[in-house]
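Whenever a hint applies, use it, and build me the whole structure from the sequences.
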Amino acid sequence: MKSLRVRLALLLVGSVLGVVALAAAVSLVMLDRPDRDSFRTSFAEEVRIISAVLREDPSAADRLGITVGKRPVREPDVFVHDSRGIKENLAARGIPTEVRIVGDPASRTRQIAFEVSPGRWAYLPYPGFPPRNLLGFITYLAVLAVGVSAVSIFAATKMTRPLVILDEAVSNVGVDGLPAHVPEDGPAEVRATASALNRLTSRVRTAVESRMRLVAAAGHDLRTPMTRMRLRAEFLPDDERETWLKDLEELDRIADSAIRLVREEVEPQSAEPVALSGLLHEIVTELSEIGRTIAPLPPDTPALTVTARPLALKRALRNLIDNAAVHGGGARVALGRSGHAAEIRIEDDGPGIPAEMLERAFEPFFRVDPGRRKLKPGAGLGMAIAKEIVDQSGGTIAIANRPGGGLEQVITLPLAA
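When we follow UniProt numbering, the leftmost residue of the sequence shown carries the number 1, and every step to the right adds one.
Do not take every clue at face value.
What follows is a set of in silico ranges between Cβ atoms, one per label pair, in the way DEER data are often shown [as the list claims (entries may be wrong)]:
1. A92 / E56: 34 to 42 Å
2. T293 / R367: 15 to 23 Å
3. T293 / R199: 30 to 38 Å
4. T139 / R203: 42 to 50 Å
5. G18 / F154: 15 to 23 Å
6. R203 / Y140: 50 to 58 Å
7. V143 / R199: 45 to 53 Å
8. M357 / F154: 52 to 60 Å
9. M357 / L245: 30 to 38 Å
For the record, the hints were derived by calculation from the structure and aren't laboratory data.
Just so we're clear, the structure is a prediction, and the values are computed from it rather than from any experiment.
Here a beta-carbon is modelled for each residue, glycine too, at the ideal position from N, C-alpha and C.
So this is what it looks like as structure tokens:
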């Protein structure tokens, strides 16, 4: 955004200064010609008068302080244009007189020599055409550049303000994936942009909540027919009844997971300080009691505290640890600190996940086939729910295959202030 504002300001400054500089240069060239012609005309008139006086009275040269001598032997090329201009001006007045301007180009002393009579030349001090005031011109351009730059930066800032609002809205997307509310104040364009963003956010939020509630309602409504099917299964032969009940249990887990996922999306609870070491120890103990193979936490586990929703965070970590224990043949959990964040590592010795499928591991109902699709319980929503909870807690989850085999899950959560 800053780059766009700078480019726009530079474009405005460059365009205005370019036009002004071109106009000033043309003005200097066009105005310089009449001034130089006027100077030559004035000096030619002076030469004409003196030439006429000296022709009438040669002795007047002494009284006028005019040097009379021989023809000049040298005419530097740098003065040719001035001497030619004065000569042409005199010729236009009917006085065909030879004119030469002599002197050192590096010196300030120059003289104009003109023929008064055959062999006699008069010498007058020649001031030359006044030099251009380049310093004034440069100062003028500098002042103009400063003024134009200030106006251009102000204009660029005003013009890009709606884009700044868009950039800030996208940068401030909340854990729910929606931009934060944008204040509707300022100029009309800014208010219109902010209002459009707020309307868009409101519509998207309404649509998401509506669809999530629809999923929750569908999951809830599935319980009634599943209950009827469970009752009917009791009248089936033993071998068929066991298969039916397993399928019904899986459907029940799917419905329950869908409802939990929706609750995490649309009904977030308030956050509070959570002691991670105690929470992890509690989860490991509970899972070990139901037969999961999980190594105890190391004795040097640090006491770290994060700000999160206790029940939700417990559900997320429990899902991840249980997933490693079930599909990886056992799990190891470690807690450490990385800068200003707590880092939880969960490792297993299972088959891992194919590299091309790692990015999909947190999608709802994701299953690996054939690496991890065994006869294991689960609805396929545990990882999705865990990621949603960790994201809402301001943390991240990364998974990778371990070089020696198995999967490594790294959960990072910001430490409590």
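Outcome of the hint check:
no.: 1; hint: A92 / E56: 34 to 42 Å; result: violated, 22 Å
no.: 2; hint: T293 / R367: 15 to 23 Å; result: holds, 21 Å
no.: 3; hint: T293 / R199: 30 to 38 Å; result: violated, 53 Å
no.: 4; hint: T139 / R203: 42 to 50 Å; result: violated, 57 Å
no.: 5; hint: G18 / F154: 15 to 23 Å; result: holds, 20 Å
no.: 6; hint: R203 / Y140: 50 to 58 Å; result: holds, 55 Å
no.: 7; hint: V143 / R199: 45 to 53 Å; result: holds, 47 Å
no.: 8; hint: M357 / F154: 52 to 60 Å; result: holds, 53 Å
no.: 9; hint: M357 / L245: 30 to 38 Å; result: holds, 31 Å
Going down the numbered hints, you'll see the structure goes against 1, 3, 4, while the others check out.
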